[in-house]
Amino acid sequence: MATETGTKFQAVSRLRGTVFEYVSLGASVFGIVLLAALLVYVSIDAFDLANASPQWLLTYFLTLVVPLIGFCLYSADDRQITRRTGLAVGGGLVVSALVFTGVEALVGPIDRLSWPLVYLFVFVVPTTGYTIFAANQETVGGVGFGLLGRLLGGTALGLAVGVLFLVFDPQLWMLAYTFGLLPAALAVGYGQWRPDSGMSSKALPIGIVGLVVAVGLRQVVPMYPTDFIIYIWSVSMPIAAGGAALVAGQRGRTAALSVGLVPLAVAVAGGFAAAGFGLPSKTVLLVLVTAGVPVAVFISRTLTDGEGTIGLVLPILLAAGVLVGALIVDFAGFPAPDPWLDPSYVTSSPSRTPVDAGLYPAIVGSVIIIALVAVLSFVLGVGTAVFLEEYTAGSGWMGALTRLIQVNIANLAAVPSVVYGLLGLGLFANFLGFGFGTAVTAAFTLSLLILPITIISAQEAIRAVPDSLRQGSYGMGATRWQTTKNVVLPEALPGIFTGTILALGRAIGETAPLIMIGAATTVFSAPDSIWSKLSAMPMQIYAWANFPQAEFRYGVVAAGVMTLLIVLLGMNATAIILRNKSEGV
Amino acid sequence: MATQQSDSLITTEVSSSQTGRSAAPDETVISSTDLDVFYDADKALDDVSIEIPEHKVTAIIGPSGCGKSTFLRCINRMNDQIPACEVDGELHFHGTNVYDPQVDPVALRRKIGMVFQKPNPFPKSIYENVAYGLRVQGKEVTDELVEDALRNAALWDEVKDQLDESGLDLSGGQQQRLCIARAIAPDPEVVLMDEPTSALDPVAASKIEDLIDELVEEYTVIIVTHNMQQAARISDKTAVFLTGGKLVEFDDTQTVFENPAHDRVEDYITGKFG
Chain L
87 MATETGTKFQ AVSRLRGTVF EYVSLGASVF GIVLLAALLV YVSIDAFDLA NASPQWLLTY
147 FLTLVVPLIG FCLYSADDRQ ITRRTGLAVG GGLVVSALVF TGVEALVGPI DRLSWPLVYL
207 FVFVVPTTGY TIFAANQETV GGVGFGLLGR LLGGTALGLA VGVLFLVFDP QLWMLAYTFG
267 LLPAALAVGY GQWRPDSGMS SKALPIGIVG LVVAVGLRQV VPMYPTDFII YIWSVSMPIA
327 AGGAALVAGQ RGRTAALSVG LVPLAVAVAG GFAAAGFGLP SKTVLLVLVT AGVPVAVFIS
387 RTLTDGEGTI GLVLPILLAA GVLVGALIVD FAGFPAPDPW LDPSYVTSSP SRTPVDAGLY
447 PAIVGSVIII ALVAVLSFVL GVGTAVFLEE YTAGSGWMGA LTRLIQVNIA NLAAVPSVVY
507 GLLGLGLFAN FLGFGFGTAV TAAFTLSLLI LPITIISAQE AIRAVPDSLR QGSYGMGATR
567 WQTTKNVVLP EALPGIFTGT ILALGRAIGE TAPLIMIGAA TTVFSAPDSI WSKLSAMPMQ
627 IYAWANFPQA EFRYGVVAAG VMTLLIVLLG MNATAIILRN KSEGV
Chain P
2 MATQQSDSLI TTEVSSSQTG RSAAPDETVI SSTDLDVFYD ADKALDDVSI EIPEHKVTAI
62 IGPSGCGKST FLRCINRMND QIPACEVDGE LHFHGTNVYD PQVDPVALRR KIGMVFQKPN
122 PFPKSIYENV AYGLRVQGKE VTDELVEDAL RNAALWDEVK DQLDESGLDL SGGQQQRLCI
182 ARAIAPDPEV VLMDEPTSAL DPVAASKIED LIDELVEEYT VIIVTHNMQQ AARISDKTAV
242 FLTGGKLVEF DDTQTVFENP AHDRVEDYIT GKFG
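Protein sequence lines, in the order shown, are assigned to chains L and P.
Quick note on numbering: the numbering used here labels position 87 of the first sequence as 173, and the sequence is numbered without any gaps.
Quick note on numbering: the numbering used here labels position 41 of the second sequence as 42, and the sequence is numbered without any gaps.
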């Protein structure tokens with residue numbers, strides 16, 4: 087009897103489940119591996135790694151990658167991670183050399199790939215990513231990468247602000263800041279200092295009046311200070327003051343003053359000095375402020391907390407690695423690659439000769455389009471979603487109308503982008519007279535294109551807010567608007583951001599609608615207003631791909647794709663940071 | 002035999018919980034006459050007429066689906082949120098029919114606070130949760146008002162050092178007391194409670210019961226409960242709804258539990274059905 091039960095216990099087959107599990111795994115890995123292989127080739131082309139000598143690779147491996155991994159392992163402080171990393175880095179070297187040589191001997195030579203590159207992409211990059219991830223969980227690594235992230239993010243932000251000021255009028259901004267935002271901010275500050283003065287509630291009217299005054303004065307005021315002074319007064323000083331205010335609450339006046347004033351002084355000095363070196367002084371000023379203030383705040387916090395301060399050396403470690411590597415390569419005369427994606431590529435105009443070709447006007451065009459699209463689609467998308475979810479009745483003619491809108495929005499998400507291009511051409515470019523291929527036309531067209539995705543994802547996010555919260559709010563005697571503003575939207579915001587990120591990612595890569603509205607494939611100077619004709623990165627890349635010279639296809643295009651991806655990643659990172667901030671209480 | 006046992010159990014409960022509140026003549030605060038409620042074709046309340054006294058705890062009991070929550074939600078017009086819900090008849094709050102077209106349900110809810118079955122604090126700080134009602138009602142938010150509300154909800158000592166932390170970090174019982182603090186902060190006249198302890202453990206539930214006993218000094222409390230012992234312990238008046246949305250009996254709690262006028266009520270409170 088007992089034996090019988092025993093045999094019965096072993097009779098359950100898990101074959102189908104196991105097969106399903108591995109087929110699913112294969113399906114999910116398939117796409118990722120193909121995309122990774124493409125990206126590897128693109129980056130090899132963009133950075134001309136095929137021409138990098140093994141000595142060059144080895145030098146930077148030793149000066150840059152090894153210290154970075156070392157820092158991560160020190161921070162992670164975990165024997166198992168160290169052992170795994172050592173195994174991957176050491177064993178990978180042998181494996182990739184053997185396998186690659188074997189494949190080349192049996193199958194034939196592989197174009198533009200060598201075993202050090204295979205080793206780099208298959209073993210070193212993933213291992214480094216893994217150790218960075220592991221280190222980031224611990225204090226030291228968190229401090230190090232937090233600082234590095236603020237440096238890079240601040241720099242990117244400064245560049246983006248600089249690009250936006252190419253198009254948006256800095257003088258108008260100065261007036262708006264001086265008469266609208268600054269008084270409003272002062273009112274809020276005074277209101278918090280003296281709550282019984284009731285100044286906080288007056289901030290909004292003060293700001294609106296100020297903005298109206300600013301717009302009116304723009305045409306009246308004949309003389310303006312130089313842009314450099316405008317940037318110091320109306321961009322750098324508020325950022326520095328914001329940084330100081332962040333620190334002042336917890337760490338006292340001295341720390342706050344140094345956090346605000348030191349980066350400001352450095353930035354102004356850097357701006358003046360940059361002019362002497364032939365660098366654009368305004369951009370240098372902006373970058374030094376947007377990177378400097380967050381870095382100063384972060385360092386001040388870390389020093390007061392006193393935990394993981396050693397992590398602050400990470401940027402210095404990496405900078406030293408690059409410097410030492412460059413010295414060694416220069417001194418020993420190792421053949422170095424000549425990357426297509428270099429500073430001159432992102433700062434110069436397109437050209438018929440591959441070496442001179444640059445992406446600058448297209449980058450500016452894309453950034454401006456995306457900035458406009460982000461604002462337009464967020465406002466329209468969230469507005470529509472709130473209306474559909476919170477305000478419409480379920481029955482009556484309004485209910486029927488709502489259902490009709492719902493169905494149509496779902497269908498609109500599937501309409502091909504060329505059709506939206508046609509709409510943009512007819513409606514915005516022709517009928518409303520926004521002009522062919524201008525930033526405004528492009529932004530409106532792309533906003534319409536992604537609007538259904540934005541609306542649907544925002545609706546999902548709003549629907550996911552528990553009804554009990556709404557009930558709670560209504561039960562307190564809140565109106566529908568108060569409930570939406572105070573309870574529903576804050577809770578739905580992370581989800582709305584996620585949807586908008588995805589939609590913006592689609593917008594930045596669109597080409598077809600831009601062709602339809604008459605955007606130029608190539609423009610030679612950056613747009614200087616939202617009404618000027620512009621190109622966008624995907625358009626320019628597409629144009630280059632048809633050029634006859636092979637260097638365009640195997641270098642310039644690859645560099646363009648890398649730039650597009652980097653801008654996209656930067657954008658997504660910003661949105662994710664915003665989302666995570668809005669998730670916190 | 003079994004019936005008798007549970008009978009006597011409840012009797013002792015009642016006698017041991019003499020609330021000792023004044024027997025002064027009761028001022029009616031909420032009264033309904035022939036109140037019918039339909040969800041589409043289903044009748045949820047059938048001809049309910051009741052007079053609820055001020056500064057007393059009124060318990061509403063009855064089996065599932067008998068319309069007790071529906072009645073509670075009629076009082077502050079939370080049923081307006083349900084499109085299919087239709088109300089017929091009159092319900093007076095201080096003599097005003099709340100279903101009069103002139104009455105703004107939002108203004109009504111500012112006089113009648115509500116606590117729900119599941120604790121539903123907002124994902125904001127404890128301070129902001131309590132201040133929420135004051136803010137949306139356009140009243141001034143002061144630290145004293147927030148502190149008073151938390152003290153009245155018997156939560157102040159537990160949370161006074163963590164007012165900036167999220168209300169969601171509290172335990173279930175604390176969350177429910179936070180919801181009570183939130184409801185009483187804007188100083189309503191009536192507090193409606195829809196099975197406020199059914200999602201809580203017995204210790205947390207008894208804290209809420211003690212709290213209700215104190216709240217009734219300042220507010221009129223109407224509580225829907227599934228728990229008959231709870232109704233017997235904390236209420237002055239008890240309304241018994243039975244299936245079909247009929248108000249079968251409404252009287253002093255002691256009378257209802259010791260000497261009910263209807264056999265079906267007796268069957269229900271002695272546990273023969275429900």
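Check each hint, because a few of them may be wrong.
Here are some chain P residues pointing at chain L (derived, C-beta under 7 Å) [claimed, not checked]: (1) P102; (2) V104; (3) V107; (4) N121; (5) P124; (6) V137; (7) Q138; (8) K140; (9) K273.
Since the hints were derived computationally from the structure, they do not count as laboratory data.
As the structure is a computational prediction, the values presented were derived from the model and not from experiment.
C-beta: ideal position from N, C-alpha, C; glycine also.
Okay, the hints, checked on the actual structure:
The criterion of a C-beta within 7 Å of any C-beta in chain L is not met by P102 of chain P, whose closest approach is roughly 17 Å, and the hint is violated. For V104 of chain P, the interface hint is violated, the least distance from its beta-carbon to any beta-carbon of chain L being 13 Å, above 7 Å. The beta carbon of V107 of chain P comes within 5 Å of a beta carbon in chain L, closer than 7 Å, and the hint placing it at the interface holds. At about 4 Å, the closest approach between the beta carbon of N121 of chain P and any beta carbon in chain L falls short of 7 Å, and the interface hint on this residue holds.
Interface restraint check for P124 of chain P: the shortest CB-CB distance to chain L comes to about 6 Å, inside 7 Å, so the restraint holds. At its closest, the beta carbon of V137 of chain P sits 4 Å from a beta carbon of chain L; the interface hint therefore holds under the 7 Å criterion. With a least beta-carbon distance of about 6 Å to chain L, the hint placing Q138 of chain P at the interface is held under the 7 Å criterion. Taken as an interface hint, K140 of chain P does not check out: its beta carbon lies about 10 Å from the nearest beta carbon of chain L, beyond 7 Å.
Annotation: interface hint on K273 of chain P violated; nearest CB of chain L at approximately 34 Å, more than 7 Å.
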